[in-house]
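Q: Letter by letter, the chains look like this.
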Amino acid sequence: MREFLLYIKSGTEAVSSVQTYVTPSFSVDQSFWQERESCILHVIGKTSSLALAFSLREQINECIRKRLPERQKLTDGVVAELRHLAVGKVREASVLYGREMTDRERDDNQASWSSAFACMRQPPKDWFAWKVVEFRCEVHACQKDAESAGGYKIFSRHSLLRRTSLTADGASASVLGKLLDGRALLWEEIETLLCKRGVEVGDLAAVLHEGVLAGKVQWLPGVRMGVVSNWRRKRLVLFCERCGSEDRALQLIYCHSCEQGCAYCTICLGMGRSKCCTPYMLIASSASADIGREKGMGQPARLEWTGRYSQDQARAAERARRFVAGSHPGRSEFLIWAVCGAGKTELLFPSVAEALSSGGRVLIATPRKDVVLELAPRIRRVFPEARVIAVHGASAEKWEESDITIATTHQVMRYHRRFLLVVLDEADAFPYHNNPVLYRALARAAHETGKLLYLSATPPLYLQKRLVSNDRSKSASSAALPLASATHVLLPGRYHGKPLPVPEILTIKGLHKRVRTNRAVPQMTNAVKRSLDAERQVFVFVPRIDDVDVVLAYLQKAMPDRSEQMAGVHASDPLREEKVLAFRNSRYTLMVTTTILERGVTIPKSDVLVVGAEAPVFDEASLVQIAGRVGRSFDDTAGSVLFLQAERAAATKLAVRQISRMNQLAKKLAEAGGDNA
Amino acid sequence: MTIQSCVACGGHLNALQREGIVRKRARSLSSSAATYPVVYRLLQKLQVCAGCLEALPFIGEQICRQCGRDMCGEVICRDGLCRDCVDRASVPLSNNRSLLQYDEKGKSLVSLFKYRGDERLASFFSALLTIAIYRYHHTPSRFTCITTVPLHPTRLRERGFNQVELLAKALGHAIGVPVKTLLERTKATEKLSKQGGRVHREESMRDAFAWAQGAVLADLSSACSGGIARAKVKGGANSPVMSGTPLRVLLIDDIYTTGSTLRSCASTLRAHLGTVCEIYSLTIYR
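Quick note, the sequences are listed as chains A and B, same order. Numbered by my numbering, the letters in the first sequence go through residues 1 to 677 in order. Numbered by my numbering, the letters in the second sequence go through residues 1001 to 1286 in order.
Some hints could be false.
[To be verified] Computed list of lysine to aspartate or glutamate pairs in EDC-like fashion (alpha-carbon distance at most 20 Å, straight line):
id : chain 1 : residue 1 : chain 2 : residue 2
1  : B       : K1045     : A       : E105
2  : B       : K1105     : A       : E577
3  : B       : K1114     : A       : D107
4  : B       : K1114     : A       : E188
5  : B       : K1105     : A       : D573
6  : A       : K196      : B       : E1158
7  : B       : K1045     : A       : D107
8  : B       : K1107     : A       : D573
[Said to hold, decoys possible] One-sided excerpt, in silico: chain B residues whose CB lies under 7 Å from chain A:
id : residue
9  : C1009
10 : M1071
11 : E1119
12 : R1157
13 : F1161
[Unchecked claim] In silico negatives: residues of chain B with every beta carbon more than 10 Å from chain A:
id : residue
14 : R1023
15 : Y1040
16 : R1065
17 : E1074
18 : L1081
19 : R1083
20 : R1206
21 : S1267
Note that these hints are calculated values from the structure, not bench results. Glycine included, C-beta positions come from ideal geometry on N, C-alpha and C.
One chain only, chain A, in its complex shape (with noise of 0.2 Å):
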């Protein structure tokens, strides 16, 4: 069981500051303090919560901060004083753990859903275990020891012992530094790292405290504890530091590595438990990663593209490198607005170089972990040099070293202040969109002088009032888009100049119950029929997994000959890669799918048409990404997209508004550069 003590150092002169400290190993501490100034350490008490430690540390520091003026100095008395009131907050705490407790107990049982089994733990009278240490001990530095001959004697040998015994665990630190540099990872993470990378490290919290007390390493506990009061009742909040998420998304459970109460989060499970007794160590990155490179790896920077850009792609690609050049302090944000079938990827090339070139790590996340795989080796082709690693939940090089670094977005997590360049990719998807967890973690994996870029053909609302109103009212008519400004940069028209289709709107009234009853629905037959005749593929999206199957049996009656060709597919069916693939392989050509296929597929020659587009999964963006499957490629640049609707809705309207506007758009664009020409 790991235990953290407690304690206040008050330094020996009269005006000198007190502050209250959290340390897994006393001595290190005292060493540490020994070796720079003189102080008094006067131990409070310990406990194996890390959580309620660095709670109590909270609510000490202020005590002292609201007494120590009149005093002045730190006397005995009032450090009794503090030890008293270190136990009565402990059993505060206690006390509110409780409640807390059966306060979620009771509601649980009022839900319809929960078990009946909520009460299956007898409570503790205390939940918190606090051991009061009464220990003061006066540290002298070295040099005022040397005075006296006798003290020098047992003083050098002691700081000789401790020396030899420092570049031992000197050559672990800097092994460990270099392993750990730019990560945020909770204890039991360090430790499975150490051992897959049979680094020995002899005491690991030793090394990793001192890294703390040089201000090197912030550690901080997995589950924040702390107490609010307002005017009726004093309420425990907790806090999940990995992930920032709050109250109920933490599981209050009975913990047995630290025997006592402790809770852990719900939200970031998948990647171990983050619980108020495990330390999360913050280790900013100190360099750049030409730590671990060796001399002769040549240029990670050079960039080896054969491709062109058009004109818009060139002026996109550009603003976006000179985002990334600049040094504008406040300017960390950016995005490029690209509508789908633009060149996104492309568009990055200059932009990664530059932060590359500066000496710094990227960082590309994306929300999938198949667009991780398809993206790294286009990344490692076209920087040869540059060492780029795929990483996600399975990925074996999670922990190497790189200059590019390709993560699915759980993954960012991991990572903190690493990144110069931390590019998002496809900003408005699912787990990203309205998630501030993700955020939180893409803000922080980036350097503190690092910039974000968001890439996105349908950024949500929030982005784009962050980042694209800036400059609106330069622009001419308060109604167009601006094409660029400080931080943001739109690219209207698909890379091969054609416009986008526009969709097609269709209300139909009661399609649903048609289509479950089997009768005609001519407007979907036809236009399916007439696309698989003139050998395209379709795609069919549906709102919900249940219509899957319905629709597909729909349209097999309605066409049996090809219903052989048609398949349907949903997140949760175990063959869905075997069937995207075979769609992708045209062994199929009509698939019935859910929104899973709203992005990142991409098909030459096909169709779309969605069945149901009123319902409300079907968002303005959903829709847009939709109707951006067709006319991708070069060869077959145009195609048809239907919405089929049982009811007029919003969200098809403004769909198909915005993606007129962007072919108005791309059109000016044109002419405009035409004229330049």
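With the hints as your guide, set chain B onto chain A.
A: Below, chain B without anything else, positioned relative to chain A:
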């Protein structure tokens, strides 16, 4: 806190859709009309959606009399035993019963619970155990006590919780039988998932358990209000209960794979409690 969506697929819990399946399942799982209402209520509160509830691989009607294996498509040897049990001469365990077959979905759920540490699943699994007990042991109050397969202290500290204990506590609460810690682990065995081979497993489990120090059975019968509590018991922890009804201990675990763990536990219990006691085991997966 409980999960408001299906634990298996994350889908929406639609009460209307579930109703029919819940009824059907409750009918097939309740052995008598008396247990139907309980089983029905348990199923109704189970946090799985209609599709996943229907897909839950319940073990069928025909099972091995000893180990509770589903005998559908298996060779039935003499006395209704399966081919593994028929070779065993004497088994310390009276019998084992399990509710579900251990398939891929079950595997991922168990790993989410045990290794990822999502303790919210405890209520789901304990509901399954309760259904199992009503299915196979019609009057659950006939058990003197419930006990669990213990976890090694190092493993417990590493994991932070004892998953089986959580289940046993909830089960004990649901059926009103006290939960006792009777055993402790003396050998830190390899993780089951990393052990290879049936023989090796049996070997490593031998003497892996011991009677827990300070475990008392004396207040057991007095604490247990129902069932055999009427039998007056005198004597300390070490003397087996001498009464008309034998001592019945229910051993809980999450998975029965080869049964070596449970048999080892049972023989330790038997060595301590004497031969009069009956030890039953109940697991979720088989």
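Q: Please name the hints from earlier in the document that this structure breaks, with their numbers sorted from lowest to highest.
A: As far as the earlier hints go, 3, 10 are violated by this structure, in ascending order.
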